[in-house]
Each structure stands twice: as structure tokens, then as C-alpha cells.
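A.B. asks: Residues per chain are reported as follows:
Number of protein chains: 2
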Amino acid sequence: MSAEVEELLKRFQSFKNVIGIIVVDNDGIPIKTTLEYNLTLHYAAVMQSVREKARQVVLDLDATNEFTFLRLRTLQHEVMLCPQEDYFIVVLQSPCD
Amino acid sequence: MSAEVEELLKRFQSFKNVIGIIVVDNDGIPIKTTLEYNLTLHYAAVMQSVREKARQVVLDLDATNEFTFLRLRTLQHEVMLCPQEDYFIVVLQSPCD
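Protein chains in written order, with the UniProt record's numbering: chain C, 1 to 97; chain R, 1 to 97.
Since the hints were derived computationally from the structure, they do not count as laboratory data. Honestly, I wouldn't trust all of these hints.
No copy labels: a pair is met if it fits in one copy or bridges any two.
Below, a list of computed lysine to any residue pairs in the SDA-like style, where the Cα atoms sit at most 20 Å apart [said to hold, decoys possible]: (1) 16 with 55; (2) 53 with 76; (3) 16 with 78; (4) 53 with 69; (5) 16 with 71; (6) 32 with 45; (7) 53 with 68; (8) 10 with 94.
None of these values were measured; they are calculated from a predicted model.
Taking the hints into account, I'd like the entire structure generated from these sequences.
C.D. replies: Next up, the structure:
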């Protein structure tokens with residue numbers, strides 16, 4: 001998994017305005033992060049619940065479908081959630097220009 | 001509200017690959033739709049729960065922040081959720097080229 005995670009991290013780090021990246025395993029435990037500890041734990045827990053919600057909702061609407069990506073925009077920044085089989089990646093971005 | 005809703009509908013309908021638009025009030029009742037009845041009811045209910053989840057999560061991470069937009073990508077299509085004060089808009093898009 002590690003090489004794949006590193007590859008994805010590199011890809012996301014090349015995005016414009018990225019202010020933080022967290023990789024979270026399926027137990028909700030952050031396995032990589034560029035943010036400080038408490039913020040990482042907070043985002044990991046909260047975004048795991050978002051991932052589960054998105055997964056359920058997509059299956060509820062169509063059992064043959066699958067959730068592949070989520071972007072949440074807020075007044076202050078954007079959060080991307082990219083689910084993989086064994087983990088998911090959370091990317092924080094400052095607002096686009 | 002009606003003129004504002006019409007304006008937003010026009011804006012979203014001009015987006016590429018739009019396959020359906022639903023406007024849902026804060027009670028979860030669809031007040032405008034371009035989809036058939038049962039699908040509209042299903043999306044309205046499910047996306048209201050997504051809206052509530054997004055709202056809670058953003059406030060949980062930072063009580064001064066606010067959820068402004070959500071994009072959910074699936075294998076089959078994309079769903080955008082645009083919250084307004086008295087209602088929210090759900091836009092279904094086929095995958096981008």
C-alpha cells in the first residue's frame with residue numbers, strides 16, 4: 001500500500017492551494033498527515049463519517065453504483081475526500097482563485 | 001423565493017451534461033424537479049440527509065465556518081448539492097468528458 005499512498009500524496013500535493021493532506025485507514029486511524037496532530041485526528045474522525053454517509057447514500061440510490069470522490073466547499077476552504085479500498089485521502093485546499 | 005429559484009435553475013441547466021435538477025425545501029419536500037416523481041422523492045430524502053451531514057461536519061470542525069457546496073462523484077454520475085437558506089438544489093450530471 002505504501003508506494004501507492006506515496007504516489008497519491010505526490011499527486012495531491014501538486015494540486016494548487018493544498019494546505020493539508022491526511023491518509024486515513026478504514027479504522028479511522030490517520031496513517032499519513034501533513035497537518036498537526038489534533039487537527040489530523042479531528043479531520044480523520046469527521047471525514048470517516050462523511051465517507052460512510054456518502055457510501056451509504058450512493059448505494060441507497062442505486063445498489064450497482066459506487067462512491068468515488070467528494071468535494072465539500074465551505075466559506076473558508078475546500079475538503080476533498082478520495083476513497084480507496086483500504087484507506088481514504090483527505091485533502092484540504094484554500095479557496096480557488 | 002420563486003424568481004431566485006428560477007434564476008438558479010437556469011444557471012444550473014446551462015451547465016454541461018446536466019441530466020436532472022431538483023429544488024428541495026427545508027422540510028425535504030421537492031418544490032421543483034426535472035426528474036420523474038419517484039426518483040425525485042428518493043433524491044430529495046437522501047440528499048437532505050447529506051446536506052444535514054455536511055452542515056454538521058463543517059460546524060463540528062469549525063463553528064465559525066459554513067457549508068456552501070458539495071459535489072459527490074460516483075461511477076455513474078455526479079451529484080451537486082447547493083444549499084440556500086430556505087431550500088437546496090440538487091443537480092445530477094453525467095460524467096464530465
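A.B. asks: Next, verify each hint and record whether it holds.
C.D. replies: Structure-based check of each hint:
no.	hint	in the structure
1	16 with 55	neither (27 Å within a copy, 25 Å between copies)
2	53 with 76	between (22 Å within a copy, 18 Å between copies)
3	16 with 78	within (12 Å within a copy, 22 Å between copies)
4	53 with 69	both (12 Å within a copy, 16 Å between copies)
5	16 with 71	both (15 Å within a copy, 18 Å between copies)
6	32 with 45	within (14 Å within a copy, 35 Å between copies)
7	53 with 68	both (13 Å within a copy, 18 Å between copies)
8	10 with 94	within (18 Å within a copy, 28 Å between copies)
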